[in-house]
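Chains A and B, in that order, give the protein sequences.
First residue of the first sequence? That's 1163 in my numbering, and the numbers climb one at a time after it.
First residue of the second sequence? That's 35 in my numbering, and the numbers climb one at a time after it.
Since the hints were made in silico from the structure, they are not lab data.
One should not assume that every hint holds.
Stated by the list, open to error - Each computed EDC-like pair below joins lysine to aspartate or glutamate, with the alpha-carbon atoms no more than 16 Å apart: (1) Lys86(B) / Glu1254(A); (2) Lys331(B) / Glu296(B); (3) Lys1315(A) / Glu1228(A); (4) Lys112(B) / Asp1389(A); (5) Lys1315(A) / Asp1245(A); (6) Lys351(B) / Glu1486(A); (7) Lys1315(A) / Glu338(B); (8) Lys351(B) / Glu220(B); (9) Lys1315(A) / Asp85(B); (10) Lys217(B) / Glu242(B); (11) Lys86(B) / Asp1225(A); (12) Lys240(B) / Glu1486(A); (13) Lys351(B) / Glu338(B); (14) Lys112(B) / Glu129(B); (15) Lys86(B) / Glu1256(A); (16) Lys299(B) / Asp324(B); (17) Lys1434(A) / Glu1423(A); (18) Lys86(B) / Asp1245(A); (19) Lys166(B) / Glu220(B); (20) Lys243(B) / Glu1228(A).
If you're wondering where the values come from, they're calculated on a predicted model, not measured in any experiment.
Each chain, letter by letter, is given below.
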Amino acid sequence: MKYDLQPTLPPPANSTGLIGWLKRNLFSGPLNSLATLAILYFLAISVGPMLKWALIDADWIGDSREACSSGGACWVFITHRIDQFLYGFYPETEYWRIDTTFYIFAACIAWLVIDKTPYKGYVAAFTLFVFPVIGFYLMYGGGFGLDVVETHKWGGLSLTLILAVIGIVAAMPFGVILALGRRSDMPIVRSLSVIYIEFWRGVPLITVLFMASVMLPLFVSEEVSFDKLLRALIGIIMFQSAYMAEVVRGGLQAIPKGQYEAADALGLGYWKSMGFIILPQALKLMIPGIVNTFIALFKDTSLVLIIGLFDLLAIVQAALNDPEWLGYSTEGYIFVALVFWVFCFGMSQYSQGLEKRLQTGHNTR
Amino acid sequence: MIKRSLITATILSAATSGHVLADVTLDAVKARGVLQCGVSTGLPGFSNPDDKGNWKGLDVDMCRAVAAAVLGDATKVKYIPLTAKERFTALQSGEIDLLPRNTTWTQTRDTQLGLNFAGVNYYDGQGFMVSKDLGVKSAKELDGAAVCIQAGTTTELNLADYFRLNGMSYAPVVFDTSDQTVKGFEAGRCDVLTSDQSQLYALRIKLEKPDSAMVLPEVISKEPLGPVVRQGDDQWFNIVKWTHNALLNAEELGVTSANVDEMKKSKNPNVRRLIGLEGPKGKGLGLNDDWAYQVIKQIGNYGESFDRNVGAGSPLKVNRGINALWTDGGLQYAPPMR
Chain A
1163 MKYDLQPTLP
1173 PPANSTGLIG
1183 WLKRNLFSGP
1193 LNSLATLAIL
1203 YFLAISVGPM
1213 LKWALIDADW
1223 IGDSREACSS
1233 GGACWVFITH
1243 RIDQFLYGFY
1253 PETEYWRIDT
1263 TFYIFAACIA
1273 WLVIDKTPYK
1283 GYVAAFTLFV
1293 FPVIGFYLMY
1303 GGGFGLDVVE
1313 THKWGGLSLT
1323 LILAVIGIVA
1333 AMPFGVILAL
1343 GRRSDMPIVR
1353 SLSVIYIEFW
1363 RGVPLITVLF
1373 MASVMLPLFV
1383 SEEVSFDKLL
1393 RALIGIIMFQ
1403 SAYMAEVVRG
1413 GLQAIPKGQY
1423 EAADALGLGY
1433 WKSMGFIILP
1443 QALKLMIPGI
1453 VNTFIALFKD
1463 TSLVLIIGLF
1473 DLLAIVQAAL
1483 NDPEWLGYST
1493 EGYIFVALVF
1503 WVFCFGMSQY
1513 SQGLEKRLQT
1523 GHNTR
Chain B
35 MIKRSLITAT
45 ILSAATSGHV
55 LADVTLDAVK
65 ARGVLQCGVS
75 TGLPGFSNPD
85 DKGNWKGLDV
95 DMCRAVAAAV
105 LGDATKVKYI
115 PLTAKERFTA
125 LQSGEIDLLP
135 RNTTWTQTRD
145 TQLGLNFAGV
155 NYYDGQGFMV
165 SKDLGVKSAK
175 ELDGAAVCIQ
185 AGTTTELNLA
195 DYFRLNGMSY
205 APVVFDTSDQ
215 TVKGFEAGRC
225 DVLTSDQSQL
235 YALRIKLEKP
245 DSAMVLPEVI
255 SKEPLGPVVR
265 QGDDQWFNIV
275 KWTHNALLNA
285 EELGVTSANV
295 DEMKKSKNPN
305 VRRLIGLEGP
315 KGKGLGLNDD
325 WAYQVIKQIG
335 NYGESFDRNV
345 GAGSPLKVNR
355 GINALWTDGG
365 LQYAPPMR
């Protein structure tokens, strides 16, 4: 009789390592095995040809459709017209103005996003109040020796970004005010807020844009009729602020009543209690909602194509109608989808990072 | 119902209030120094942005011609891309001065919308494209064919009329967009693809092997496309009408952008009247005497424009067909300039 403890045997070979993982995750039963095999088969017949088309057989460089002779994707269509897709009809010699605007904005955002940079408050104020003025003069011109570039020449990805960023930034304060209004005790303020929110949430964005573009000019005389882009922007902001208001209201309602009472007990007035106690906590809770709204808006901007503004999607579609480049719609749409995906995925990743950092207490994956 | 008529009334009164501005388009354009021209958001050969972001096309040339006539410079045009739904409002509200946007001239549009059609710069019509393998030479042989069409367009109705009239049957295969229609045709879902002729040529290029398909000669509907102006400004209406006529007369007389300077020495009285050396010149239109010279110098004649944008000199390779001059058996005919 031996009473020595035997050394632990290694687990069976087919439950560890790659085989074990495969067995556990992909072949854990007849049904799963079958599904795995079916998916593998599907991938094999689809991914291979797709890669061959998109990468191996593709043409990348050239300046006419003659360059596309290898039978795969014709990315020449994209690379040749990339400037147009990014800048729209903006004059080529003035591209630096859009670039500069973009880099200033990117620098500001990076400063605000990256941890532990000093003077965040000043930079935020600069981004919100000084940058729009600089951006306007850079993009539109009409001052400091810059030629005016009218908005009908704006287009492409830069227009998409302008619509989305201005739309969301301007809608934010309106949204907060509307949400506070809707929760207010004052009956007139409350009912006005409710009417506004419910009206704008009740109509589709496409209708709003269409009204702004088609109906509005009929009711005002020729002299006062203003820029189409501005009309679209106002429509988007009105629409978006109603959605933002509901996101903010959701955040406000999540704050326990005790917080309101504590603020009252400290003798703080309405604005002080909102500004110091409630909103800072509520805004943290709203991050997923706000980013969600922003992503939705970013994609919705492509609706402006129905009023003849050339955002990224519209300019690619217009390019598809160039007789010299007919027939490359697949490449065009893949390009647009990729660009939209990169931006939306980036935003969603940032929002998740922000939630973790601010420890909103409900980050259970 | 009441609500609807109220809205219509409001729109109409708003539209007619725009007429207070009538008779001032020429002055407004001159004061502004730029012609505001409504074009499509992209239609191959008619108006589309090229690689460099410049607008090109037959309709765009109409904008450029009017700018050359009025302002002496074909580049002084602000192109306003419009969707089909916006186009008339943009014109009625004064957002644009001229609308050459592949718009079909119909009675309703001409009489009820406060608009005027200043001519026809392209006689379009619905046609058929078949695969060459099919061996069909005429639309009359299409009995029992499967036809690819785009949903919700008048094309669908014209098609039904045509087949009923000729006592033939067909099976419609309906698609949502033109790209899908082409793919359907290519995949062999149908024997025939139908659309407006001008578009058939563009759709043909989208095929993997464009040479394998051909456009049949039959045209089953009338779609005269032309530049549109606001009703009530006769001076402006005349300018657009005669700019178009000048383009046609120039072709008829053999005056091109290349030889217009030499033609100044021509003895032909018609040529001399065309380029403003004698005859009515620009007086009646309120333009400079060399207006037509500027148009021809900067744009070329109608034939040049056609060739460059949709005809043999372009990838579309549309036949002149009924858009040939009347002297060549086509429909393009301009009154004399005298």
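Now for the hints, and whether the structure bears them out:
1. Lys86(B) / Glu1254(A): Given that 16 Å is the threshold and the Cα spacing comes to 9 Å, the pair holds.
2. Lys331(B) / Glu296(B): Status holds; Cα separation ~11 Å.
3. Lys1315(A) / Glu1228(A): Since the Cα atoms of Lys1315(A) and Glu1228(A) sit roughly 29 Å apart, the hinted pair is violated (cutoff 16 Å).
4. Lys112(B) / Asp1389(A): The hint holds at about 13 Å.
5. Lys1315(A) / Asp1245(A): Holds, because 13 Å separates the two Cα atoms, which is no more than 16 Å.
6. Lys351(B) / Glu1486(A): holds, 12 Å
7. Lys1315(A) / Glu338(B): violated, 28 Å
8. Lys351(B) / Glu220(B): The given pair, whose Cα atoms are some 20 Å apart, is violated under the 16 Å limit.
9. Lys1315(A) / Asp85(B): At roughly 15 Å apart (the allowed maximum being 16 Å), Asp85(B) and Lys1315(A) satisfy the hint.
10. Lys217(B) / Glu242(B): Measuring from Cα to Cα gives roughly 9 Å; hence the hint holds.
11. Lys86(B) / Asp1225(A): holds, 12 Å
12. Lys240(B) / Glu1486(A): holds, 11 Å
13. Lys351(B) / Glu338(B): holds, 13 Å
14. Lys112(B) / Glu129(B): holds, 11 Å
15. Lys86(B) / Glu1256(A): The hint holds at about 14 Å.
16. Lys299(B) / Asp324(B): Holds, because 15 Å separates the two Cα atoms, which is no more than 16 Å.
17. Lys1434(A) / Glu1423(A): holds, 13 Å
18. Lys86(B) / Asp1245(A): Holds. Lys86(B) to Asp1245(A) sits at ~9 Å (cutoff 16 Å).
19. Lys166(B) / Glu220(B): holds, 12 Å
20. Lys243(B) / Glu1228(A): Holds, at roughly 14 Å.
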